[in-house]
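Undergrad: Residues per chain, in single letters:
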Amino acid sequence: MENNNLKSNIGANNIIFSVSEFITLLNIGLNKSQVKMIGEVSEAKVNSSGHVYFVLKDKKDGSVMNCAIWKHRYAIYGIKLKEGMEIIVFGRPNIHKTYGFSFIAETVELAGEGALKKEYERLKKKLTEEGLFAEERKRLIPKYCRKVGLITSKQGAVLGDFLSNLGKYGFQIKMIDSRVEGQEAVTELLRSIKTFKNQDIDVLAIIRGGGSAESLEVFNNELLVREVASFPVPVIAGIGHDKDEPLVALAADASESTPTAIANLLNESWQEAFLRLERYERGILGYFEGIFEKYRSAESSLMISFGNFKNALLNVKIDLRNSVNKSFSGFKTLLFRVAEQLEYAEKNVNSHNPERQLALGYSITRFNGRIIRTVKNTRIGDNIDIQVFDGKINSEVKSLNKNI
Amino acid sequence: MAKEKLDTKNLNDSLKRLAEITEWFDNQEEIDIEEGLKKVKTAVELIKASKERLKTIENEFEEIKKGVEEEDGNEVAPKNIPY
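Top to bottom, those sequences are chains A and B. Taken in order, the first sequence gives residues 691 to 1094; the numbers are from the numbering used here. Taken in order, the second sequence gives residues 48 to 130; the numbers are from the numbering used here.
Hints are computed from structural coordinates only; laboratory data are not their basis. Do not rely on the hints blindly, as some may be mistaken.
[As the list claims (entries may be wrong)] Listed next, the in silico DMTMM-like pairs over lysine to aspartate or glutamate satisfying Cα-Cα at most 25 Å (straight line):
#1 A:Lys1037 to B:Glu70
#2 A:Lys1007 to B:Glu116
#3 A:Lys814 to A:Glu871
#4 A:Lys1082 to B:Glu82
#5 A:Lys815 to A:Glu803
#6 B:Lys88 to A:Asp1075
#7 A:Lys844 to A:Glu796
#8 B:Lys56 to A:Glu1036
#9 A:Lys761 to A:Glu878
#10 A:Lys1022 to B:Glu110
#11 A:Lys1037 to B:Glu82
#12 A:Lys726 to A:Glu796
#13 B:Lys85 to B:Glu70
#14 A:Lys749 to A:Glu907
#15 A:Lys887 to A:Glu825
#16 B:Lys102 to A:Glu1036
#17 B:Lys88 to A:Glu1036
#18 B:Lys85 to A:Glu1045
#19 B:Lys56 to A:Glu1033
#20 A:Lys1007 to B:Glu118
#21 A:Lys1037 to B:Glu81
#22 A:Lys747 to A:Glu809
#23 A:Lys1022 to B:Glu109
#24 A:Lys1007 to B:Glu109
#25 A:Lys816 to A:Asp934
#26 A:Lys887 to A:Glu826
#27 A:Lys833 to A:Glu917
#28 A:Lys1037 to B:Glu67
#29 A:Lys1022 to B:Glu116
#30 A:Lys1022 to B:Glu117
Chain A with its partners taken away, still in its complex shape (with noise of 0.2 Å):
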């Protein structure tokens, strides 16, 4: 309501500010000169609140500025400024009513090449003292994870890459949308690490895109280092490196350069589970291919059984067959040979049938019942019956002739 009342006096000569009032008009002002700013730190001192205050002198010309960061902001830095050290603060102006002017600092680095290497060899040597690089520290990825946190900046190809190169395995990705260059990335990036601390998640992904070498700065604050060092689950930084490999890739579980890369190793477990599942498959499947042929050789020699068990009763069936010709034939053979019997027997009776030799014209002649065979069986005179054919013919021997 002030502030309205006061942007709408501005310019007006007639109007009168309180101290107080102005004050409060020209920090409406300063906010808007957000700034990155380098200087040497001259006196530099912390109250007992925590609050660090110092000031900031131009190299070149001597000019100076009183500067404040306050005890949060100054902490996650992890810089001790001292006197002499060339720093880059970013931050913007402010009027304090009672203190005056100052500008407040939100981040804090150092400056210059020289300086960034030396305070990134003494960050190195205390953690790797105190064991936060170890590779007996390191997880392992675990396998088959599914729930995956990822904190990287939406913009850039890294989001892309990191999705399209996940095989499809049921991934579950949780983001967190963060800067990660610049110190002003250092408090996002805390912020996105302490979120995902009460997030079920299997793995963390730390990934930063393409960017200068010294943008990868952010990635060797302490205070990141020990947040993914001290992380409950594996951490994989994908952060990439120029010359010296970020503290916070160091403290990581597992470090790779490209979003493809970090993709690659969440599918590892997942394609060799797979690979493994396809060989199972091919094993059970031949197994089974194996009981089939078993099966069908078993049947096929069941079939030649049956067959031959076929034929044996052909055969059976044949022999039985034969034997019964054998059999009929034999009776019918007897049956012949009685016909033959028969008939033989019909000639013989016949050929030696009197009668028939009687009806031929033959005739046998009896005296007193007996047959006559020589002439010596009768005289002269003697009454003599001739048998013929169909009756007895009673006759007289009249004279006999015996042949000489």
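Chain A is already provided as a structure; the job is to place chain B on it using the hints.
TA: Just chain B now, kept in the frame of chain A:
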């Protein structure tokens, strides 16, 4: 001369007797006409009866044979076992 009762039922016996008769004839040097005639009469009777018996047996046999062959003909063809 009591007429011998002729048993013509048994073909085997008849054949035996016929054989005896033919043998008798074959071995007779002096034919006893009366005895010969008697034997011829017996033989004729035997032959007639035997022929009838033979015919009956033959018919029976053909019947049996036909039965066996029909049985063969009615046989069921083996089936293919599906698989």
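Undergrad: Hint by hint, which ones does the structure fall short of?
TA: none
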